[in-house]
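J.: Given next are the chains, with one letter for each unit.
Number of protein chains: 2
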Amino acid sequence: MNARTHRGIREAIRARIVAGEWQLGELIPGEVEFAEEYACSRTTVNRALQALAEEGMVERKRKGGTRVRPLPLPQAQLRIPLLREQVEDAGGAYRCEVVDRRIARAPDAIAERLDTGEAKAAYLETLHLADERPFAFETRWINLAAVPQFAEADLGELSANEWLVRTVPFTRGEVALSAATAEGRIADLLGTEEGAALFTMDRTTWLDDHPVTTMRLHYPPGYRLEFAI
Amino acid sequence: MNARTHRGIREAIRARIVAGEWQLGELIPGEVEFAEEYACSRTTVNRALQALAEEGMVERKRKGGTRVRPLPLPQAQLRIPLLREQVEDAGGAYRCEVVDRRIARAPDAIAERLDTGEAKAAYLETLHLADERPFAFETRWINLAAVPQFAEADLGELSANEWLVRTVPFTRGEVALSAATAEGRIADLLGTEEGAALFTMDRTTWLDDHPVTTMRLHYPPGYRLEFAI
Numbered sequence: 001m002n003a004r005t006h007r008g009i010r011e012a013i014r015a016r017i018v019a020g021e022w023q024l025g026e027l028i029p030g031e032v033e034f035a036e037e038y039a040c041s042r043t044t045v046n047r048a049l050q051a052l053a054e055e056g057m058v059e060r061k062r063k064g065g066t067r068v069r070p071l072p073l074p075q076a077q078l079r080i081p082l083l084r085e086q087v088e089d090a091g092g093a094y095r096c097e098v099v100d101r102r103i104a105r106a107p108d109a110i111a112e113r114l115d116t117g118e119a120k121a122a123y124l125e126t127l128h129l130a131d132e133r134p135f136a137f138e139t140r141w142i143n144l145a146a147v148p149q150f151a152e153a154d155l156g157e158l159s160a161n162e163w164l165v166r167t168v169p170f171t172r173g174e175v176a177l178s179a180a181t182a183e184g185r186i187a188d189l190l191g192t193e194e195g196a197a198l199f200t201m202d203r204t205t206w207l208d209d210h211p212v213t214t215m216r217l218h219y220p221p222g223y224r225l226e227f228a229i
Numbered sequence: 001m002n003a004r005t006h007r008g009i010r011e012a013i014r015a016r017i018v019a020g021e022w023q024l025g026e027l028i029p030g031e032v033e034f035a036e037e038y039a040c041s042r043t044t045v046n047r048a049l050q051a052l053a054e055e056g057m058v059e060r061k062r063k064g065g066t067r068v069r070p071l072p073l074p075q076a077q078l079r080i081p082l083l084r085e086q087v088e089d090a091g092g093a094y095r096c097e098v099v100d101r102r103i104a105r106a107p108d109a110i111a112e113r114l115d116t117g118e119a120k121a122a123y124l125e126t127l128h129l130a131d132e133r134p135f136a137f138e139t140r141w142i143n144l145a146a147v148p149q150f151a152e153a154d155l156g157e158l159s160a161n162e163w164l165v166r167t168v169p170f171t172r173g174e175v176a177l178s179a180a181t182a183e184g185r186i187a188d189l190l191g192t193e194e195g196a197a198l199f200t201m202d203r204t205t206w207l208d209d210h211p212v213t214t215m216r217l218h219y220p221p222g223y224r225l226e227f228a229i
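Going down the list, the sequences are from chains W and P.
If you're matching positions, the first sequence starts at 1 in full-length UniProt numbering and goes up one per residue.
If you're matching positions, the second sequence starts at 1 in full-length UniProt numbering and goes up one per residue.
FYI, nobody ran anything at the bench for these hints, they're computed from the structure.
Check each hint, because a few of them may be wrong.
Which copy is meant is left open, so a pair is good if it fits within one copy or across any two.
With a straight-line cut-off of 25 Å between C-alpha atoms, the simulated SDA-like cross-links for lysine to any residue are [what the hints assert, rightly or not]:
(1) Lys61 <-> Ala15
(2) Lys61 <-> Thr167
(3) Lys61 <-> Val168
(4) Lys120 <-> Val168
(5) Lys61 <-> Gly173
(6) Lys61 <-> Phe170
Using the sequences plus the hints, can you model the full thing?
T.: What follows is the structure, encoded as structure tokens:
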């Protein structure tokens, strides 16, 4: 292909883009520079760039020059479901069991995260079941300054999360996903072996500036959190 | 509190909502039914429900009755970043190394996912490094019917993912997050011990109806994928 035809120039520039000469989103040379480099007219370069723009390789702005098409950000709308919904959507019967519940000083890292200082907080362990098999194990601390009524709450059939969702408006949260090794007690409760790899979700929620609750979910081996992008 | 005042009725209904008598989003009884149950006027019930609506416990629609406020869906805009960006955003120097690359028949599960049938596919192993320390290990299969030019591609400094992003428009993908146990080869490459719990991301992408690539990333112990909701 002749490097001076608009097709030839299009292919030459395409090859340079694919080879990584410029970062995604980076400005590439202008018509004048390419015309000089390929010893052709600006019109020819313009036609080549226009063709690359039409096939989505580059983006052209009237005054902004031409950029390598930035990464088409694969973004996911990741909805954090209620465990009850997750289980019921998969056709299972949901139930939860409170394994431990007490009022205590939180460990330092938790006290800092919940901003409870020297004050006691509510601690709750819940085993979530799908068709009576362990679905997830939850440990949760609740800031009693933010939700004093939790201390006396009768959760009944509700999980602590469902109770909180009904009681405290949600403003914002932080989530961290990671992997953890199953240790004695958690391995037992999830019915798995010590040392198994567990998918783990940490979540802290705030009401305005006040931390309300921080929790960790451990899922049994084999759990997958799936979503579309 | 007198159960026949609007305040008393408001508190009574609130307690029933918090106790889980109705599902989130579920229709609760109408004014007529509550008025009968609490032996008061519809106006009084109306005032009570209005107050609950104002504080966000319920939602009222002119003709649709009153529902328990549905779950304020905690939704995350989870962006799937390029590994290069993840590393550079954290202030590290990014580099990647191709550990293995060949053309071969994919294992059955992969061949089915990529719809490659009996045809060979490209296989690639890449170690992603941050400041020369293992950041993630990637195994990837590429459908050569969808991206024939990959067979001969000179990746240079680019990761396969970056090359693909530049070459093939992205239409949709599926992601699954899970935890896996580090096995011999992967443990070695990530510089961790066998049996460690590794955060794992599987991703398959399509161009229109054609599967392009499917990959798995293993992150070393301690990695956390964090986002806000």
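J.: Compare the structure with each hint and give your call.
T.: Hint check:
1. Taking the closest pair of Cα atoms, Lys61 and Ala15 come within 25 Å of each other only inside a single copy of the chain (22 Å); across copies the shortest separation is 59 Å, beyond that limit.
2. In this assembly of identical chains, the alpha carbons of Lys61 and Thr167 lie at most 25 Å apart only when taken from different copies (21 Å versus 50 Å within one copy).
3. In the homo-oligomer, the alpha carbons of Lys61 and Val168 lie at most 25 Å apart only across protomers (22 Å), although the nearest pairing inside one protomer, at 47 Å, exceeds that limit.
4. For the identical chains of this complex, Lys120 and Val168 are intra-copy neighbours only, at 19 Å inside a copy versus 55 Å across copies, given an alpha-carbon limit of 25 Å.
5. In this homomeric assembly, Lys61 and Gly173 never come within 25 Å of each other (Cα to Cα): the closest approach is 38 Å inside a single copy and 29 Å across copies.
6. Taking identical chains as interchangeable, the C-alpha atoms of Lys61 and Phe170 lie at most 25 Å apart only when they sit on different chains, with a minimum of 22 Å there against 41 Å within one chain.
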